[in-house]
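K.L.:
Chain by chain, the residues:
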Amino acid sequence: MRRAVTIALVLAALGASGVGAYQLAPPLGQASAHWREIAWPFSRDGWPAGRAFRCEGGGCDGVELYVRAKRGFCNCDSGVADDDEVDRVADIDLITPRFTATAPGELVHLGEMRGRARRYDLAIDDSVSRAAIGIAVSRRCDLFVAAAQGRGDASAMQHAALAFLEAEEMETWVAAALDGH
Amino acid sequence: MFRCVLTAACLVLFASSTLVHAQKQTIGAPPEASNMKLVGSNDLQARSAYQPTIHHQGNRWIAYIGHHGGTDDVPAPVNPMTGQAEPNGTSIVDVTDPAHPKYLRHLPGQEGKYESGGAQMVRVCDGKSLPKGDPNAVYMLRTFGSEAHEIWNVADPASPVLITRLGGLKDTHKSWWECDTGIAYLVSGAPDWRTRRMTQIYDLSDPAHPQKIRDFGLPGQEPGSTGAVPTELHGPISTGPTGNRVYFGYGTNKGGILQIVDREKLLNGGKEPTPDNLRYPEISRMPMSAFNGAHTTFPMLDMPVAEFAEDKDGKTRDIVMIVDEAILNECGEARQMVWFADVTTETRPMMISSYTVPEASGQFCQRGGRFGSHSANESMAPVYYKKMAFIAFFNAGVRALDIRDPYHPKEVGYFIPAITQATDKRCIPVEGGERCKVAIQTNNVETDDRGYIYIVDRANTGLHVLELTGPARAVAGLPKN
Chain A
1 MRRAVTIALV LAALGASGVG AYQLAPPLGQ ASAHWREIAW PFSRDGWPAG
51 RAFRCEGGGC DGVELYVRAK RGFCNCDSGV ADDDEVDRVA DIDLITPRFT
101 ATAPGELVHL GEMRGRARRY DLAIDDSVSR AAIGIAVSRR CDLFVAAAQG
151 RGDASAMQHA ALAFLEAEEM ETWVAAALDG H
Chain B
1001 MFRCVLTAAC LVLFASSTLV HAQKQTIGAP PEASNMKLVG SNDLQARSAY
1051 QPTIHHQGNR WIAYIGHHGG TDDVPAPVNP MTGQAEPNGT SIVDVTDPAH
1101 PKYLRHLPGQ EGKYESGGAQ MVRVCDGKSL PKGDPNAVYM LRTFGSEAHE
1151 IWNVADPASP VLITRLGGLK DTHKSWWECD TGIAYLVSGA PDWRTRRMTQ
1201 IYDLSDPAHP QKIRDFGLPG QEPGSTGAVP TELHGPISTG PTGNRVYFGY
1251 GTNKGGILQI VDREKLLNGG KEPTPDNLRY PEISRMPMSA FNGAHTTFPM
1301 LDMPVAEFAE DKDGKTRDIV MIVDEAILNE CGEARQMVWF ADVTTETRPM
1351 MISSYTVPEA SGQFCQRGGR FGSHSANESM APVYYKKMAF IAFFNAGVRA
1401 LDIRDPYHPK EVGYFIPAIT QATDKRCIPV EGGERCKVAI QTNNVETDDR
1451 GYIYIVDRAN TGLHVLELTG PARAVAGLPK N
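For the protein sequence lines, the chains are A and B, in the order given. By the numbering used here, the letter at position 137 of the first sequence is numbered 137, and the numbering carries on one by one without gaps. Whatever position you read off the second sequence (first residue = 1), add 1000 for the numbering used here.
Keep in mind the hints are simulated off the structure, nothing from the lab. Incorrect hints may appear among the rest.
Covered by chain A, according to a simulated footprint, are these stretches of chain B (three or more residues, beta-carbon under 8 Å) [what the hints assert, rightly or not]:
no., stretch
1, 1106-1116
2, 1226-1240
3, 1330-1343
4, 1398-1404
None of the values given here were measured: they were computed from a predicted structure. Think of the CB as a built atom: it goes at the ideal place given N, C-alpha and C, for glycine as much as any other residue.
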């Protein structure tokens, strides 16, 4: 019996690491830039921790992306209503509480989820300007949010982040996270 | 080996199915109760209910009950009194005879489903108590969906007359109205503020002519601010000019904040929503755990605590009861519960105790719908004030707490209504779809000066009027029944 449990645990662990390795692998045709999963860098708050990634190579080199589900946090009918809502929910404040939006946001979608994205300047005391993007999309009463920061162009950062989040393996994970799994 | 695993699996399956069976509510089953009993009920036309306010109106007792919007299945239930499909709004029920509540009128609200429609909140003041009100009028302040606040004259509760509407808002919620001064703290979403909900303070002493006093919120929520946005308001409760305090509760199920505000400075300080002007009236704020929000912040000042009677100092304490709101079905979040804060030293409020329904006492995480607290009675009538609190606990019904020693609150009674044909399902996502269960969702509770307890159901099961029985009556000093 104990051996069976051990085998099951080993298989589960191998399966999990296999999933991880698959997710870490750069997508075909984009070998110059890929997202590597890193540890969630923020302390515990009211929402369960999400997942964090760092872009290596390509146009988004050095950009960090933080994503998580916020279940039960959205107006069930109106969804992500405006830019203020992106300011409030997109986890930019985890990076620094001092941020300034640089422009009105824009409509975005991730799969069938609709929402908004907005660009920010971060006030981080390292004498190098830092840009960030916040993304919030909704599925009924639940939110999925993403925040990215880096030293590059915010527009390119947003493009790279959305492309990564639309990859099949990430869409599968997002759906599971919104289901509470 | 295989047989061993199979046997174990069967045992687990059997145990699970037995457990699930034991938890499931069934139509026709008796209510679950301890030291509380049902006096009367009304189905409220199977509308999802939010805030009840019970008003003594002449020689009658009238219950005004706010509703959420309709459901996906029934966006606008038919009002059998008119034969029309009407978007959920406000139910007006005569509860003079609590054994036989009489439904008087449904006043439709904003079209829209769930929290996007209806008319969730309601407060009532007599015209004769308001400084400039019509002494023959009774004024009902209600939200109209997310877009407006309205005041109706309900002197004839079966025929309300609209007096005033304050519109153009992006959200509304649980407001407070001082009936002796007319000052109203309206929970609104002003279009230019960076939060869904903040406070718009009005002088409604003459309800026909509202006078705006100011907007209020936490610094960072005001127009033009940048950076992190503090958690949104849920609702305030004022102690009026005598107590000179307003207790604001921010957050619903996360990152709660109790903010204690000097009422006089709030009303007479600088009106422009600058960070300095917003900070000026604040006496203190108590941040809560990221896990819990502040849905209701109910002040109970100058409470004598028997345990401290012989102490040289601190015999009486100023207490604020803070109630969180559970949001997710089937325990999909941290437990939302009830907290008691000692605010005697106002600048250093301290959490002193807590209360939750034991989950295992009813396997509530498996029953379906939400489990956790939502709201408390807000009546300050002497019958229960500072002695008992009633907490709406969703699928665990209403809970009666002995709070005479707020350092050690104790449950002395409960009532979980039976489900009916009207009780709506609650669903959670599962692999390949969703799984739904039907369970009571006691959303709000209020009491009247006579001691009756009114609970209403979010899952369309209606209104239940209750009374205490047995030892619970002694806690409140009520005669035996």
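K.L.:
If you check each hint against the structure, which ones fail?
P.N.:
4
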